[in-house]
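Enquirer: Here are the chains, one letter per residue:
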Amino acid sequence: MNAPSAPSAPLSPYSSALGKSNIEVHTLSVLVDNEPGVLARVVGLFSGRGYNIESLTVAEVAHAEHLSRITIVTSGTPEAIEQIGHQLERLVPIHKVTDLTLRGGAVERELAMIKVAGKGACRDEALRLADAFRARVIDASIESFVFELTGNVGKIDQFIDLMRPIGLVEVARTGVAAISRGPNPI
Amino acid sequence: MSNLMTGAEMVVRALQDQGVDTIFGYPGGAVLPIYDALFHQDQIKHVLVRHEQGAAHAAEGYARSSGKVGVLLVTSGPGATNTITGLTDALMDSIPLICITGQVPTHLIGSDAFQECDTVGITRHCTKHNYLVRQVEDLARILHEAFYVAQNGRPGPVVIDIPKDVQFALGAYLLPDRIEHKTYKPKLDGDADKIAQAVAMMATARRPIFYTGGGVVNSGLEASSLLRELAGLTGFPVTSTLMGLGAFPASDKQWIGMLGMHGTFEANNAMHDCDLMIAVGARFDDRITGRLDAFSPGSKKIHIDIDPSSINKNVKIDLGIVGDCSHVLRQLVDAYRAQGKQPDAGALARWWAQIDKWRARRSLSFKASDTVIKPQYAVQRLYELTKSRDVYITTEVGQHQMWAAQHYHFDEPNRWMTSGGLGTMGYGLPAAIGAQMAHPQALVIDIAGEASILMNIQEMSTALQYRLPVKIFILNNEYMGMVRQWQELLHGGRYSESYSEALPDFVKLAEAYGAHGIRCSDPADLDAAIMEMIDIPRPVIFDCIVDKTENCLPMIPSGKAHNEMIMPDEDADMGTMIDAPGKMLV
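Protein chains in written order, with UniProt numbering: chain A, 1 to 186; chain P, 1 to 586.
Don't read these hints as lab results, they were simulated from the structure. Any given hint could turn out to be false.
[Said to hold, decoys possible] In silico EDC-like cross-links for lysine to aspartate or glutamate, where the CA-CA straight-line distance does not exceed 20 angstroms:
(1) P:182 with A:89
(2) P:316 with A:79
(3) A:96 with P:307
(4) A:96 with P:180
(5) P:182 with A:33
(6) P:182 with A:60
(7) P:185 with A:89
(8) P:374 with P:547
(9) P:316 with A:82
(10) P:185 with A:33
(11) P:185 with A:65
(12) P:300 with A:79
[As the list claims (entries may be wrong)] To list a few chain P residues with every Cβ distance to chain A over 10 angstroms, as calculated:
(13) 13
(14) 17
(15) 357
(16) 360
(17) 387
(18) 441
(19) 443
(20) 509
[As the list claims (entries may be wrong)] Facing chain A, a subset of chain P residues (Cβ under 7 angstroms, in silico):
(21) 124
(22) 125
(23) 129
(24) 149
(25) 183
(26) 184
(27) 308
(28) 309
Note that the structure is a prediction, hence the values are computed from the model and not measured. Ideal Cβ placement from N, Cα and C applies to all residues, glycine included.
When you get a sec, could you build the whole thing from the sequences and use the hints?
Expert: The structure is reproduced here in structure tokens:
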């Protein structure tokens, strides 16, 4: 993942006069042909043009039509995010780009697996918190648990922060998947 | 005729069915089956270049001068990597190319086989699209699809990487008319409400300007003719980028010259002071805008482009119209006629009076000399002595390129081939070869510098082999002139590595290749020498010895605005004109 560009970089007289407003976080849904190299095209576009990727998920969503859905969480000025959308649309195997944040009313979820190790009171505390967050235990040993937690990014961040003093070992996260509310497709 | 054939035969058949008559290439192990298929036919002429970069630029010159797709054929590994500069050049300047590369057999891909490279991986960033053909069943579809993608929307280069086993495999051929692309469908017509808004803005403008670019040329001859029609209807002044030269006639009274870093005083000041800018097929590149926060501060901006990502990329646009230039210009001409209103005639007359004042500054003037050939004078004489002919001009990159843009004038599109976006030294000679292949009877001249020409000088052999009478007109100042000029401007005149030491004797070099060499250093001899060059029906290298330290002016120094140009009569203290932030720029 790219680090956000340093805010202290001097503005060149050639740098866009558009780039002076606030940084926003947007979730883009990108429907693509599931063909070799398509993910590389998308990721290469972001790295080549200096855009940020906060998270990215990809999987096939319609086998017969060879369609994959890429969900990208990106940050930038509103103008930069508009550019990102247009640049993505230029890629030949891309069917559709939708800015779910701009469109409003999307549901976003992420899945995380969180490994916590400890003994005695730590185990009890971990289980109590997991229950409060509705995390499921998907693996257990005498001195560890693996929790599965689904939710928005903030909830997962919060759960991980709470596990840290208890005995957090490692985390695997899927990145955000998102879909619009209501009856219609994007 | 059976439609069952080998992959290699399919490649040749698809090229024929796409109307390709000329391809540029270089054989090697991984494309031998395709070369064998070429051997068995005579519909497509293959031009053997001497370096694959030359093949790419030759295909670009062919494409730009003819309006068709340029095609090149190279082998795997180094054959493919040598095309990268040409592909990137075509991507930046929106030139439709098909580059067919051989690849090691599919079962060897990923094994670091001899002459293997990840061609689709390497070219992903420098092509509009690319394909690795893994099975012969996909080949015909991909070949036709590639032509569609290269030409439609904003044009660009497309690579088709074909493993050798796929070239040998038997498969069914599909005709081009049975192919439809499922995702890539560019929008051609502008939205009707935006056309109406644009026309309303034009009808109330007081200081309008058309800022046109390479998109008008790419859109085809009709776009150029519609631009002339719309300019005629409105009476607005017209300027153009380097890439758009020729789309509007330089001999027209509404033409105010090229804009940008080395554009005219009148074009840049008109851009700065206008109240309505109508950008047509241009992309607000940094060579055009200069300092962005001081770019045309008081104007409303209309931007017509087929690529939505070009709109609002660098400059905030008030009205963006996505569509093909010829379609949108047709819509604008019709709508402008229909609404019947004209802008305030008095305001327009005052605007033209102001432009004429700027024009009177004569920003392209230079100090004449009768002892040394001034490079601007050389281009002026070349223009005067060739303008009545069927002439195509290519250039390399540097001072000579800008002097050519300033002092050679074009009345038609597709006559001017130059590397604008990427700025590729070594472009001009192979591009001239491509243009000459497309126009065998025409006079094709590469206006060159002595440094640039050496970057692809090997293509002299190609010119000789195919008896292509290209003329290479070298403005020889013994420096990488633009580098030297910037060192004078930015680095206290410390000419680090910009002097062309150990130059070849260009006359002898021409003779060594079997071409004709001419040298001229006296202004009095120049006309006769140029006539000699034109009259010789063979390739000619013309070594024109020019003033070594002439600067290319006028100039918007880096980091400055359109109304802060260095003029030719005020270059004495060039070294003090650029501030520290400006020195950081390219």
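Enquirer: Please go over all the hints and tell whether each is borne out by the structure.
Expert: Evaluation of the provided hints:
no.: 1; hint: P:182 with A:89; result: holds (14 angstroms)
no.: 2; hint: P:316 with A:79; result: holds (9 angstroms)
no.: 3; hint: A:96 with P:307; result: holds (16 angstroms)
no.: 4; hint: A:96 with P:180; result: holds (18 angstroms)
no.: 5; hint: P:182 with A:33; result: holds (10 angstroms)
no.: 6; hint: P:182 with A:60; result: holds (18 angstroms)
no.: 7; hint: P:185 with A:89; result: holds (11 angstroms)
no.: 8; hint: P:374 with P:547; result: holds (5 angstroms)
no.: 9; hint: P:316 with A:82; result: holds (12 angstroms)
no.: 10; hint: P:185 with A:33; result: holds (15 angstroms)
no.: 11; hint: P:185 with A:65; result: holds (18 angstroms)
no.: 12; hint: P:300 with A:79; result: holds (18 angstroms)
no.: 13; hint: 13; result: holds (24 angstroms)
no.: 14; hint: 17; result: holds (21 angstroms)
no.: 15; hint: 357; result: holds (27 angstroms)
no.: 16; hint: 360; result: holds (29 angstroms)
no.: 17; hint: 387; result: holds (36 angstroms)
no.: 18; hint: 441; result: holds (38 angstroms)
no.: 19; hint: 443; result: holds (38 angstroms)
no.: 20; hint: 509; result: holds (39 angstroms)
no.: 21; hint: 124; result: holds (6 angstroms)
no.: 22; hint: 125; result: holds (6 angstroms)
no.: 23; hint: 129; result: holds (4 angstroms)
no.: 24; hint: 149; result: holds (6 angstroms)
no.: 25; hint: 183; result: holds (5 angstroms)
no.: 26; hint: 184; result: holds (5 angstroms)
no.: 27; hint: 308; result: holds (5 angstroms)
no.: 28; hint: 309; result: holds (4 angstroms)
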